[in-house]
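The residues making up each chain are set out below.
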Amino acid sequence: MGKTFAEKALGRAAGYDVVANQVVTVEPDWCMSHDNGAPIARTFKKIGVKNVWKPERIVFILDHAVPAPSSDHAVNHKEVREFSAEQGIKHFYDVTSDGGVCHQKMCEEGFALPGLIMVGSDSHTCTYGAYGAFSTGIGRSEMAAAWATGKIWFKVPESMKVVVTGKFNPGVSAKDFILKFIGDVKADGADYMSVEFHGEGIENMSIAERMTLCNMGIEFGAKNAVCRPDQKVLDAIKDNAKCDRWEPLWADEDAVYAAEYHYDLGDIEPGVAKPHKVDNYAPIGEVKGTKIHEAFLGSCTNGRIEDLRAAAAILKGNKVAVRTIVIPASWIVYRQAMKEGLLDIFLDSGCVICNPGCGPCMGNHEGILAPEEAAISTANRNFKGRMGDKDSFIYLASPMMVAASALKGEISDPREVL
Amino acid sequence: MSVKGKVWKYGDDVNTDVIFPGKYTYTIKERADMAKVALEDLDMEFNKNAKPGDIIVGGKNWGCGSSREQAVSCIKERGIAVIIAKSFARIYYRNCFNEGLPIIVCPEAVDAISMGDEIEVDFESGVIKAGGKEFKFPAYPEFVQGLIKDGGLIPHVKKSLGLA
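Residue numbers (my numbering), protein chains in the order written: chain A, 540 to 957; chain B, 426 to 589.
Bound conformation, chain A alone:
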């Protein structure tokens, strides 16, 4: 009987053969925290251990509210700085032009690597599966305990296989596919499971698109989501891998799955997640014409250069009808967008460009909605109150649909403006 990716990755880390449902204790290759490094540091101190187990395995990336929008946030950042200095944590991305959204930084800086065990105190840590890592989100106590002991337990998850063939039609992207998929399997469709994306449809995707898929894994309950680390990944990490502990791993042909799904990307059309649940899917035909007050292009889901290019192609030479906030996922992305002239396109069309970070995604700053307002957003969650007000509405969509909708002030089909 063959092995799944999760069985191989956790078995490699445990140092012995494992099967689904077995409980293993492993040493994480990386422990990532963002602004919540501060409360985790406070919990860590309560344990009574003087030093973290390996400071070189800990990564801090400030992104949730940067630069600090309030004194409370500033105190929080200050505590992360002090703890980093005290513990000798070198992998620290502060509020500088080296920064950005944590998940984007973990990928572009070469932390996300095939076969590694990566934990983060953020639910979208599952993004690194785009590079073939076993990565998953954990809570604050668990992170503090991992810093103290260098250990974390996992139940080896059962696995779901998603086989993807074909190619997207113009105006359709990875976001449309994953929203449709979540609408089909629902918010708990892969609860506690490892989700493997297979097939030529995935091989044809850029790493950025695979990141969008894996990022949204948590939105249908996955413990982790992963794509095969192919030549595209090996080329991307060739010059900037942050360690040499990695090893490309992939499931055996005869691995056993708890569930299996098949999709042809040619069948996917533009779609959204309607308020207030990510699995509340609707194809464009059902929501076209819905009035919006804000458009948001950015986040760990869709703030990469490929996303900005796709949106800029639609915005170019046109004016937006509603406030449109553009937030590149990192300063590397920002600079690249500047070089390619994309920032000029955004500014010429009336968009507001904010500094890289999470922006309005979880209601901290830079685009909070008023009661009764609706936003179309490229982020990953549309929960009630997510963007700061419980009486507002969020529609999740692709960068192309967000751009098309920004131009009309209502939800619009990107295929009509390509």
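Among the clues, some could well be false.
[To be verified] For lysine-lysine, the following DSBU-like pairs were computed, each having C-alpha atoms within a straight-line distance of at most 35 Å:
id, chain 1, residue 1, chain 2, residue 2
1, B, Lys583, A, Lys694
2, A, Lys929, B, Lys429
3, B, Lys558, B, Lys584
[Unchecked claim] Reference listing, derived: stretches of chain A covered by chain B, where coverage requires no fewer than 3 residues with Cβ under 8 Å from a Cβ of chain B:
id, region
4, 609-620
5, 885-899
6, 913-926
For the record, the hints were derived by calculation from the structure and aren't laboratory data.
All residues carry an ideal CB built from backbone N, CA and C; glycine is no exception.
The hints should help you fit chain B onto chain A, whose structure is shown.
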């Protein structure tokens, strides 16, 4: 140990943002203050009137969304005795054990319980008593029993490192 309390009942997919809104994640630091905003975007009745010893009953996938542990801390600090649900999202499930908040997966009981019911949970025998009926629930998995016994992950780690 057994507890008896009034039920606050909710549906499927109750997410961490409505349990503990994201806008508070870096402005509220004290656990007592977390308790004050518990379920603020889900149910203001609960937010105003829930009392220590009350019980939350949810549908499937309770606690989906963010990894924010405050979505567990705020409920524990509020004194909620136990959460019973059809299923829990996995990070939330782990966070509950790590925080020492008792949770029970029992779909049959959830279907039989209504908002405002008085129910009783006996942890020793693994039985929920509601509306004159009894519902058995399984013992916690062996690997989390140590966590529960020690009152959560941090006390458990302290003990295992000889620092308790």
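Status of the hints after comparison with the structure:
1. B/Lys583 with A/Lys694: holds, 22 Å
2. A/Lys929 with B/Lys429: holds, 32 Å
3. B/Lys558 with B/Lys584: violated, 39 Å
4. 609-620: Since 4 is at least three, the answer is holds.
5. 885-899: n = 0 at 8 Å, threshold three: violated.
6. 913-926: n = 5 at 8 Å, threshold three: holds.
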